[in-house]
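A.B. asks: The listed protein sequences correspond, in order, to chains A and B.
Number 55 in my numbering belongs to position 55 of the first sequence; there are no gaps in the numbering.
Convert by adding 109 to the 1-based position in the second sequence; the result is the number in my numbering.
By construction, these hints were calculated from the structure, which means they are not laboratory data.
Errors might be hidden in some of the hints.
With a cut-off of at most 25 Å between alpha-carbon atoms, the simulated PhoX-like pairs for lysine-lysine come out as follows [as the list claims (entries may be wrong)]:
1) A:K3 <-> B:K124
2) B:K180 <-> A:K41
3) A:K3 <-> B:K120
4) B:K153 <-> B:K124
5) B:K180 <-> B:K124
6) A:K68 <-> A:K56
7) B:K171 <-> A:K56
8) B:K120 <-> B:K187
9) A:K3 <-> B:K153
10) A:K3 <-> A:K68
11) B:K171 <-> A:K3
12) A:K56 <-> A:K17
13) B:K153 <-> B:K120
14) B:K153 <-> B:K192
15) A:K68 <-> A:K17
16) B:K192 <-> B:K171
17) B:K153 <-> B:K187
18) B:K153 <-> B:K171
All of these numbers come straight from a predicted model, not from anything done at the bench.
Now for the letters of each chain:
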Amino acid sequence: ELKVEQNPLFLSMQEGKNYTIYCNYSTTSDRLYWYRQDPGKSLESLFVLLSNGAVKQEGRLMASLDTKARLSTLHITAAVHDLSATYFCAVIRGGQFYFGTGTSLTVIP
Amino acid sequence: EAGVAQSPRYKIIEKRQSVAFWCNPISGHATLYWYQQILGQGPKLLIQFQNNGVVDDSQLPKDRFSAERLKGVDSTLKIQPAKLEDSAVYLCASSWGGGLNTEAFFGQGTRLTVV
Numbered sequence: 001e002l003k004v005e006q007n008p009l010f011l012s013m014q015e016g017k018n019y020t021i022y023c024n025y026s027t028t029s030d031r032l033y034w035y036r037q038d039p040g041k042s043l044e045s046l047f048v049l050l051s052n053g054a055v056k057q058e059g060r061l062m063a064s065l066d067t068k069a070r071l072s073t074l075h076i077t078a079a080v081h082d083l084s085a086t087y088f089c090a091v092i093r094g095g096q097f098y099f100g101t102g103t104s105l106t107v108i109p
Numbered sequence: 110e111a112g113v114a115q116s117p118r119y120k121i122i123e124k125r126q127s128v129a130f131w132c133n134p135i136s137g138h139a140t141l142y143w144y145q146q147i148l149g150q151g152p153k154l155l156i157q158f159q160n161n162g163v164v165d166d167s168q169l170p171k172d173r174f175s176a177e178r179l180k181g182v183d184s185t186l187k188i189q190p191a192k193l194e195d196s197a198v199y200l201c202a203s204s205w206g207g208g209l210n211t212e213a214f215f216g217q218g219t220r221l222t223v224v
């Protein structure tokens, strides 16, 4: 069974600070996704990482993938309140998505 | 491009009652997924369709849950009878169905409360 683990589960950070969320998965996967979920809302796709060493950036968020280590990171630069949400990573294998436990991020002014 | 549509948005039922959810995927998407998201957890796949065929339903509690996608477009998920532990958000997602850039797009979800 493919397992996807994220840490931390909860993250409270001050505006302007940097932090990294980690996503580990247990077996090989075709690709990795990062999603954002606001309270009461659905999941919004942030990044799709297709290969080892892939790095993608959008605004204050940057995602990377190390397939050898089975690790993806989501780095937050100079956090702002609008980034407060729950972030999920997901891997795909055999056409099926496996989601991590989620990281609940709160950015404090 | 219209997104994945789900209805209803909210549903409250008593245990042992039945309930049905509806999903209309993005036009042209061959793959449709139903996920269950319990509060504080990541989504868990219940069933995956490719057109009108079932690809994976290994985590669907078949004694009480059923799903269909008869014409390969919209889909319904039914729970009968509901239990308290079925309280969750039920998310429908769709994707083109394959290839390197497969990406799942999610609907708003149906929040089910069983009392």
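A.B. asks: Decide, hint by hint, whether the structure agrees.
C.D. replies: Hints, one by one, checked against the model:
{"no.": "1", "hint": "A:K3 <-> B:K124", "in the structure": "violated, 31 Å"}
{"no.": "2", "hint": "B:K180 <-> A:K41", "in the structure": "violated, 28 Å"}
{"no.": "3", "hint": "A:K3 <-> B:K120", "in the structure": "violated, 31 Å"}
{"no.": "4", "hint": "B:K153 <-> B:K124", "in the structure": "holds, 22 Å"}
{"no.": "5", "hint": "B:K180 <-> B:K124", "in the structure": "violated, 31 Å"}
{"no.": "6", "hint": "A:K68 <-> A:K56", "in the structure": "holds, 18 Å"}
{"no.": "7", "hint": "B:K171 <-> A:K56", "in the structure": "violated, 40 Å"}
{"no.": "8", "hint": "B:K120 <-> B:K187", "in the structure": "holds, 13 Å"}
{"no.": "9", "hint": "A:K3 <-> B:K153", "in the structure": "holds, 12 Å"}
{"no.": "10", "hint": "A:K3 <-> A:K68", "in the structure": "holds, 16 Å"}
{"no.": "11", "hint": "B:K171 <-> A:K3", "in the structure": "holds, 23 Å"}
{"no.": "12", "hint": "A:K56 <-> A:K17", "in the structure": "holds, 20 Å"}
{"no.": "13", "hint": "B:K153 <-> B:K120", "in the structure": "holds, 20 Å"}
{"no.": "14", "hint": "B:K153 <-> B:K192", "in the structure": "holds, 17 Å"}
{"no.": "15", "hint": "A:K68 <-> A:K17", "in the structure": "violated, 29 Å"}
{"no.": "16", "hint": "B:K192 <-> B:K171", "in the structure": "holds, 13 Å"}
{"no.": "17", "hint": "B:K153 <-> B:K187", "in the structure": "holds, 16 Å"}
{"no.": "18", "hint": "B:K153 <-> B:K171", "in the structure": "holds, 15 Å"}
Comparing the model with each numbered hint stated earlier shows that hints 1, 2, 3, 5, 7 and 15 do not hold.
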